[in-house]
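Chain by chain, the residues:
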Amino acid sequence: MGHTVFSALDVQTQSGVCTITLNRPEVRNAMSLTMVQELLGALRHAESTADVRVLVLRGAGGHFCAGGDIADMAQARMKLAAQGADGGDPVADFNAQFGRLCLAYARTRLPVVTVLEGTVMGGGFGLACVSDVSLALNTTVFRLPETSLGVIPAQIAPFLVERLGYAQAKRLAVTGAKVTADQAAAIALVHQVLPDAAALEVALQGTLQQILACAPGAIGMTKDLLARARHETAESLIDDAARLFSRAVLSEEGQEGTHAFMQKRPPSWVPQES
Amino acid sequence: MGHTVFSALDVQTQSGVCTITLNRPEVRNAMSLTMVQELLGALRHAESTADVRVLVLRGAGGHFCAGGDIADMAQARMKLAAQGADGGDPVADFNAQFGRLCLAYARTRLPVVTVLEGTVMGGGFGLACVSDVSLALNTTVFRLPETSLGVIPAQIAPFLVERLGYAQAKRLAVTGAKVTADQAAAIALVHQVLPDAAALEVALQGTLQQILACAPGAIGMTKDLLARARHETAESLIDDAARLFSRAVLSEEGQEGTHAFMQKRPPSWVPQES
Amino acid sequence: MGHTVFSALDVQTQSGVCTITLNRPEVRNAMSLTMVQELLGALRHAESTADVRVLVLRGAGGHFCAGGDIADMAQARMKLAAQGADGGDPVADFNAQFGRLCLAYARTRLPVVTVLEGTVMGGGFGLACVSDVSLALNTTVFRLPETSLGVIPAQIAPFLVERLGYAQAKRLAVTGAKVTADQAAAIALVHQVLPDAAALEVALQGTLQQILACAPGAIGMTKDLLARARHETAESLIDDAARLFSRAVLSEEGQEGTHAFMQKRPPSWVPQES
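Chains as they are written, first to last, in my numbering: chain U, 921 to 1194; chain F, 921 to 1194; chain C, 921 to 1194.
Misleading hints may appear alongside valid ones.
[As the list claims (entries may be wrong)] The calculated DMTMM-like cross-link candidates involving lysine to aspartate or glutamate, where the alpha carbons are at most 20 Å apart (straight line), are:
| # | chain 1 | residue 1 | chain 2 | residue 2 |
| --- | --- | --- | --- | --- |
| 1 | F | Lys999 | C | Glu1172 |
| 2 | C | Lys1098 | C | Glu1121 |
| 3 | C | Lys999 | U | Glu1176 |
[Unchecked claim] Every beta carbon over 10 Å from chain F, so not counted as near; a handful from chain U, in silico:
| # | residue |
| --- | --- |
| 4 | Thr933 |
| 5 | Ala1016 |
| 6 | Leu1030 |
| 7 | Leu1069 |
| 8 | Leu1124 |
| 9 | His1151 |
| 10 | Asp1160 |
| 11 | Trp1189 |
Don't read these hints as lab results, they were simulated from the structure.
In this text, a Cβ means the ideal position worked out from N, Cα and C, and glycines have one as well.
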């Protein structure tokens, strides 16, 4: 069990589950530059901590995330206007940092679960898209407000396509995408819609149990392979997949999994019920 | 407001909405070579007309489109048989022109809405696939009759995959794809199914309002970026996306969007209710 | 009509339909090395037999397929442990053979229908993913147990992505994927869920009739084109698609299709009702 102090996040690890809570409830957890940097730091720390097996991403105060912070954005914009072309582009820099954050969460070998309450907008919508499993309250509201503000969903564009498919992503971007929880479930932006906070916590625990029943190394290898299968042909993956399979079979996990199966007992990585 | 006369189309522009109506009701708006050329011309004209902000594609006489025109196809085929290999291939030429038409509508920066009534077959099915938003009557019937006629859905194949995903496209092509409006909604070929003509017009107006509330330049940039994200990796897009975001923020639209947001008024691109 | 004897399969051909039945009911049709080799042999034989127009893949004894055979796998693993690095890698070899099998069924020009009953696990889940149309009983249970056994769904990874999309594939792999028939239908792993064996056979006959009403050569060309459209851009396919369309129009099928249409009779490839 651990508790690391951040300024825009609350991060707690318990029984292999690292819960990262966006913690700026006074602005519905809008993403400041600090929050972006801390989210990346918290991920890298979790990835390098041996006993962390799954990430939960959620928001404090009844909202998930209202998107980019207007104040930080305005500051970057003023800097840009003040310094002219020579001084670099702080708006693009901030935006690219957010892009690297999305990519890091999209490609981490750790399973990522998002708990979606209240407002899920802009960059928050993007974080929902990169997670492996998403649970939402039935009152949650999803939006891509960028085009209605004269800007664009830039860094999350690839992850809208990954999560929703190109056609649904296009439809949502063109119409401003005000989506209810049930509509979000229909397009698999959300995997389970729950009626109240208690049911949401029960569903979260159930999802975590399913994930913790799977071997962590095997999950990581599978996530890597599925990511490659997005852009590489099936034919070109056969030999690499075979090598990875063989390696998995001979690994400690693979041997423990077989023994446990033959001995009709849970393998060592399954948490014991207390 | 404008009204351009075509022989196989009716094109009207009002309040930023360019409505292109396939207008050969005597053959359920089957696509002749003339219609293909006019559809491309109408699109290029709309794209270069500053006040056109959205395209609506629909059919006259209660049908959307019955696919390629058999008569024009037979003529091209007879020409091909008569002239032999030396004289080029008019069947392939006609077909490639239709392919370029589909691509032009699929990749235009303008939002495209299809209104689907009656018959939606072959090439008409393809046009439904390339649009951003599709509304249909509950009596609309969708079909890919090509393979049952001994030919193939050639030019629309990529757009079946874009809209429905590879697996659903394969299933429909193999089975001849007789799909009801509700089934079409289940595979996101259609985004809203309406019970009658009045409800269809209300839904269309609602969709147009959503689209017109978004900034036109921002929509165009977003459509371009989403198209790139189909085949390029997320990683390779980060820097370009950041530059585009910065450019959008500094654009007239981006500045007007921010000012309007701070002043709690609708931005200038939102049509005033009359 | 033909009946070829295999040791792990039963293969029957009647009226253009080749039914391949996984036939190791004592182990819920678990896939042995022999079965993998025979499945590939049966496909190649069907592809080269002129009157075979569609493949049906199903399992004997109330189950579809429980995945890789543990005994064969254990043997390969012991061989690997015994011979060391010099003697090659029998685990990877077995796995790669299964990968080539999946690819062969995924890319065959013949339509493939799976009939899914009882257990559909691991490699069996993969076979369901590569088929064009899948029918299931409402009691069928789907699972990807690999990661819970410490190994990975290696060869089926590309086909999970093809069938379910990247995001759903990721979710299922991370959670161990215990999926009911109705849940499988919601993610288009299954196209029709039937309440009992009699309804399942009726649905199968209906699907076969739809497929047999389409021209076999045209289906093959369409499947090839759709597979290319997964990774190639729409723009790059226009000219090839036009050439293929022209070839289809001038083919025997294309001519028979047009004549039959004009003469208001079914084309020659449609089976006559007896």
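Structure-based check of each hint:
1. Simply put, Lys999/F and Glu1172/C have alpha-carbon atoms about 18 Å apart, close enough for the 20 Å limit, and the pair holds.
2. Pair hint Lys1098/C plus Glu1121/C does not hold up; C-alpha atoms about 25 Å apart against a cutoff of 20 Å.
3. Between Lys999/C and Glu1176/U the CA atoms are separated by roughly 19 Å; this keeps the pair inside 20 Å, and the hint holds.
4. Residue placement check: Thr933/U keeps its beta carbon more than 10 Å from all beta carbons of chain F (closest about 28 Å).
5. Annotated as non-interface, Ala1016/U brings its C-beta within 10 Å of a C-beta of chain F; the closest such distance is 4 Å.
6. Its beta-carbon lying about 18 Å from the closest one in chain F, Leu1030/U satisfies the requirement of being farther than 10 Å from that chain.
7. For Leu1069/U, the shortest C-beta to C-beta distance to chain F comes to about 4 Å, within the 10 Å cut-off, and the non-interface label is violated.
8. Listed as outside the interface, Leu1124/U is consistent with that label: its C-beta sits roughly 27 Å from the nearest C-beta of chain F, beyond the 10 Å cut-off.
9. Remark: the non-interface label on His1151/U conflicts with the geometry, its nearest Cβ contact in chain F lying 6 Å away (cut-off 10 Å).
10. With 10 Å as the threshold on Cβ separation, the claim that Asp1160/U sits away from chain F holds: the shortest Cβ distance comes to roughly 17 Å.
11. Interface exclusion of Trp1189/U from chain F stands, the closest Cβ pair being 30 Å apart, more than 10 Å.
The structure does not agree with the numbered hints 2, 5, 7, 9 stated previously, though it agrees with the rest.
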